[in-house]
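*Asks:* With the hints as extra help, turn the sequences into a complete structure.
Chains as they are written, first to last, in full-length UniProt numbering: chain V, 1 to 243; chain P, 1 to 243.
In short, the hints are calculated from the structure, not lab data. Don't take every hint at face value.
It does not matter which identical chain is meant; a pair holds if it fits inside one copy or across any two.
The calculated SDA-like cross-link candidates involving lysine to any residue, where the alpha carbons are at most 25 angstroms apart (straight line), are [to be verified]: (1) Lys-218 x Arg-128; (2) Lys-218 x Ile-119; (3) Lys-24 x Ala-168; (4) Lys-160 x Ala-53; (5) Lys-56 x Gly-217; (6) Lys-56 x Lys-218; (7) Lys-195 x Ala-77; (8) Lys-24 x Met-178; (9) Lys-160 x Gly-111.
Quick caveat: nothing in here was measured; it's all calculated off a predicted structure.
2 protein chains.
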Amino acid sequence: MNENQHIVSAYDRDLEGVQALIVKMGGLVETAIADCSKALELRDEDLAQQVRAGDKAIDGLLEQINEETARVIALRAPTASDLRVVLSVMKMSNNLERIGDYAKNIAKRAGVLLQMTPIDGSAGAVRRMTREVELMLKDALDAYIQRDAELAAVVIQRDKEVDQMYNALFREFLTFMMEDPRNITACMHLHFIAKNIERMGDHVTALAEQVIYVSTGKLPEEDRPKADSTPYETHGDPVAGDN
Amino acid sequence: MNENQHIVSAYDRDLEGVQALIVKMGGLVETAIADCSKALELRDEDLAQQVRAGDKAIDGLLEQINEETARVIALRAPTASDLRVVLSVMKMSNNLERIGDYAKNIAKRAGVLLQMTPIDGSAGAVRRMTREVELMLKDALDAYIQRDAELAAVVIQRDKEVDQMYNALFREFLTFMMEDPRNITACMHLHFIAKNIERMGDHVTALAEQVIYVSTGKLPEEDRPKADSTPYETHGDPVAGDN
Numbered sequence: 001m002n003e004n005q006h007i008v009s010a011y012d013r014d015l016e017g018v019q020a021l022i023v024k025m026g027g028l029v030e031t032a033i034a035d036c037s038k039a040l041e042l043r044d045e046d047l048a049q050q051v052r053a054g055d056k057a058i059d060g061l062l063e064q065i066n067e068e069t070a071r072v073i074a075l076r077a078p079t080a081s082d083l084r085v086v087l088s089v090m091k092m093s094n095n096l097e098r099i100g101d102y103a104k105n106i107a108k109r110a111g112v113l114l115q116m117t118p119i120d121g122s123a124g125a126v127r128r129m130t131r132e133v134e135l136m137l138k139d140a141l142d143a144y145i146q147r148d149a150e151l152a153a154v155v156i157q158r159d160k161e162v163d164q165m166y167n168a169l170f171r172e173f174l175t176f177m178m179e180d181p182r183n184i185t186a187c188m189h190l191h192f193i194a195k196n197i198e199r200m201g202d203h204v205t206a207l208a209e210q211v212i213y214v215s216t217g218k219l220p221e222e223d224r225p226k227a228d229s230t231p232y233e234t235h236g237d238p239v240a241g242d243n
Numbered sequence: 001m002n003e004n005q006h007i008v009s010a011y012d013r014d015l016e017g018v019q020a021l022i023v024k025m026g027g028l029v030e031t032a033i034a035d036c037s038k039a040l041e042l043r044d045e046d047l048a049q050q051v052r053a054g055d056k057a058i059d060g061l062l063e064q065i066n067e068e069t070a071r072v073i074a075l076r077a078p079t080a081s082d083l084r085v086v087l088s089v090m091k092m093s094n095n096l097e098r099i100g101d102y103a104k105n106i107a108k109r110a111g112v113l114l115q116m117t118p119i120d121g122s123a124g125a126v127r128r129m130t131r132e133v134e135l136m137l138k139d140a141l142d143a144y145i146q147r148d149a150e151l152a153a154v155v156i157q158r159d160k161e162v163d164q165m166y167n168a169l170f171r172e173f174l175t176f177m178m179e180d181p182r183n184i185t186a187c188m189h190l191h192f193i194a195k196n197i198e199r200m201g202d203h204v205t206a207l208a209e210q211v212i213y214v215s216t217g218k219l220p221e222e223d224r225p226k227a228d229s230t231p232y233e234t235h236g237d238p239v240a241g242d243n
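*Replies:* Next up, the structure:
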């Protein structure tokens, strides 16, 4: 093996290394999404606590990715498609960290909601919405590993459904609050939870856009579905889909 | 001038160029914050529309900064403090873009709130909170230009006040909703507005952390004030300060 080959393969290992970190981080975030939803539905304070504590590992990976990508840039001066890999890893790690934060917030609100009378049907509705985002993230990560721009495009389209689910919940919670003022505090928290899930969907969308960027060299055109085309109606939330 | 000097000064111009873009982006975001708050208080639909439309320019600058920073990395292979400048510009541009999005969302909700009975005192409270975030951003940008890590640290501390203001509003809006169910829809929107401003503060904090990183080479210790030390009380919002 000559000197040159040696350098090239160390470089490849660096690039594989940062990508392995992103996949690892994605796995932790997937688990956090599933667990915060389960904690809410089963009113399981231990699991909620576990999600809150687990966010530290996600933040730690972000830090590690920040250091690794800075090191790769400084040491290897990547260009063209290698630079795209490094830049996309940096962006995707930020999206994953935000999704992890939202899961942590949901887990905190789950702890608070434990002390209140449950709102009928809310746990199931939140679970379905969370499940959809979790599957979107799973597919986005698979698309990343496979460099599958088509699958990534499907993920982006699916965010529309999450926005619709959010809008339905927005109306439902408003109705519950109006029916009985004793529901107001619990519904406020459920509302923020639904909004957080909707935002998770936006970040999965941004992540899927990076998959397209890294696979094709181009960002998708700005035709991302946004549910804010009806900004003047007052029954659905006018800014769903906007993160 | 020899060849070498020529290269160095073109490099310096590149670094100055990306930093000028960040300062320009920061200026637009400052204006967006001030205007969305004014639109809400004066019930000025034209101004709200202007903020919504103006977000395109902010997004455009983000894109330009993304392209410029990628170009500088590919062309100049920056290391040490120059790499810190480029990386911090990338991160700060993301924070500014998010703040711009929140201003746009507030402007959208301002349009919706126009069609509802005003909630007494809410506009003034939101204005004071927005004003604080606007001043924090102004100081963070000044700290960036001056490489003033101390001023950046003061900005980070001030986010605590924004969190407190948010918590006070959270309680106030809950009370309004319980007093009269006809207030619920308007209060929900005001609530999200307050939450958006609180999140703006979190992003200004993240931006100030980058100022410290670029000025000193180190990120501040994780002692960022967060108002979530009381996760079990149900009267304030348990997750204020968490973005």
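*Asks:* Next, verify each hint and record whether it holds.
*Replies:* Each hint tested on the structure:
1. Lys-218 x Arg-128: Neither way: Lys-218 and Arg-128 sit 32 angstroms apart in one copy and 42 angstroms across, limit 25 angstroms.
2. Lys-218 x Ile-119: For Lys-218 and Ile-119, the Cα distance exceeds 25 angstroms both inside one copy (45 angstroms) and across copies (47 angstroms).
3. Lys-24 x Ala-168: neither (33 angstroms within a copy, 39 angstroms between copies)
4. Lys-160 x Ala-53: So Lys-160 and Ala-53 pass the 25 angstroms test across copies only (22 angstroms; inside, 31 angstroms).
5. Lys-56 x Gly-217: Close across copies (23 angstroms), not inside one copy (33 angstroms); limit 25 angstroms.
6. Lys-56 x Lys-218: between (33 angstroms within a copy, 20 angstroms between copies)
7. Lys-195 x Ala-77: Close neither inside one copy (40 angstroms) nor across copies (41 angstroms); limit 25 angstroms.
8. Lys-24 x Met-178: neither (44 angstroms within a copy, 45 angstroms between copies)
9. Lys-160 x Gly-111: between (29 angstroms within a copy, 23 angstroms between copies)
Going through the hint list in order, the structure does not satisfy hints 1, 2, 3, 7, 8.
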